[in-house]
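Full structure from sequences and hints, please.
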Amino acid sequence: MSPVALVPIGNVSDKLLQRLEKTIREIFRLPVSLLPLPTDPALAYDPYRNQYNSTLLLSVLLKSKTDRQAKILGVTEYDLFVPVLSYVFGEAQLNGAAAVVSSFRLKPELYGLPAQPALVESRLEKEAVHELGHTFGLIHCNDTRCVMHSSSYAEEIDFKDKSPCSSCLLELLSKELFAAERSPR
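Each position in the sequence shown, counted from 1, maps to that position plus 1 in the numbering used here.
It is possible that part of the hints are untrue.
What the hints assert, rightly or not - Below, a list of computed lysine to aspartate or glutamate pairs in the EDC-like style, where the Cα atoms sit at most 20 Å apart:
hint	residue 1	residue 2
1	108	41
2	16	68
3	108	156
4	23	156
5	108	122
Stated by the list, open to error - Derived DEER-like restraints, expressed as beta-carbon distance ranges:
hint	residue 1	residue 2	range
6	96	65	31 to 41 Å
7	48	138	27 to 37 Å
8	114	140	15 to 25 Å
Bear in mind the hints are in silico, worked out from the structure with no lab data behind them.
Here a beta-carbon is modelled for each residue, glycine too, at the ideal position from N, C-alpha and C.
And the structure:
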């Protein structure tokens with residue numbers, strides 16, 4: 002069993018997926034696998050907004066999830082939204098099985114700045130950990146350095162650490178999946 006599965010949605014580089022796999026494994030101390038499923042995001046596309054509804058993408062991910070994964074994380078370059086917001090960096094089911102993150106709004110060139118691929122990768126790592134944290138039941142944290150702190154702008158992500166703060170980490174370690182993975186066999 003691989004508790005966390007990474008699923009590329011659209012064109013996502015292997016290098017980026019490998020970096021996310023390594024980060025998630027290091028932060029959550031759980032096995033991570035790449036699950037290159039044929040995921041069709043077309044039903045989530047909103048032509049009026051020229052964006053993809055992240056909540057609908059979560060439902061697509063859930064349909065592709067098997068019993069072998071406890072959590073599934075979709076990774077995309079598509080521009081995501083939820084109906085009440087102009088855009089989101091990602092979305093997750095709180096205490097659920099699915100999350101999705103996007104690099105689209107994390108790119109400095111979207112805001113008229115020079116491209117910085119390493120910065121985009123760092124931001125996406127933090128967003129992936131943040132959204133997976135929600136699937137494990139973590140809520141937004143008041144500590145501005147904590148990866149679970151809410152971010153409305155890409156620049157805010159830069160100030161966060163890649164890991165949860167000590168309070169969020171304690172909460173995470175109390176979760177059943179973590180206890181099961183660490184119990185002696």
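Each hint tested on the structure:
1. For the hint pairing residue 108 with residue 41, the CA-to-CA distance comes to about 23 Å; that exceeds 20 Å, so the pair is violated.
2. With a C-alpha separation of about 27 Å, the suggested pair residue 16 and residue 68 falls outside the 20 Å cut-off, and the hint is violated.
3. With a CA separation close to 10 Å, the supplied pair residue 108 and residue 156 stays within the 20 Å bound.
4. For the suggested pair residue 23 and residue 156, the alpha carbons sit about 23 Å apart, so the restraint of at most 20 Å is broken.
5. A threshold of 20 Å between alpha carbons decides the hint, and for residue 108 with residue 122 the separation of about 9 Å falls inside it, so the pair holds.
6. The hinted window of 31 to 41 Å between residue 96 and residue 65 is violated, with their beta carbons roughly 20 Å apart.
7. About 35 Å separates the C-beta atoms of residue 48 and residue 138, a value consistent with the hinted range of 27 to 37 Å.
8. Taken as a hint, the range 15 to 25 Å is violated for the pair residue 114 and residue 140, whose Cβ atoms sit roughly 31 Å apart.
Going down the numbered hints, you'll see the structure goes against 1, 2, 4, 6 and 8, while the others check out.
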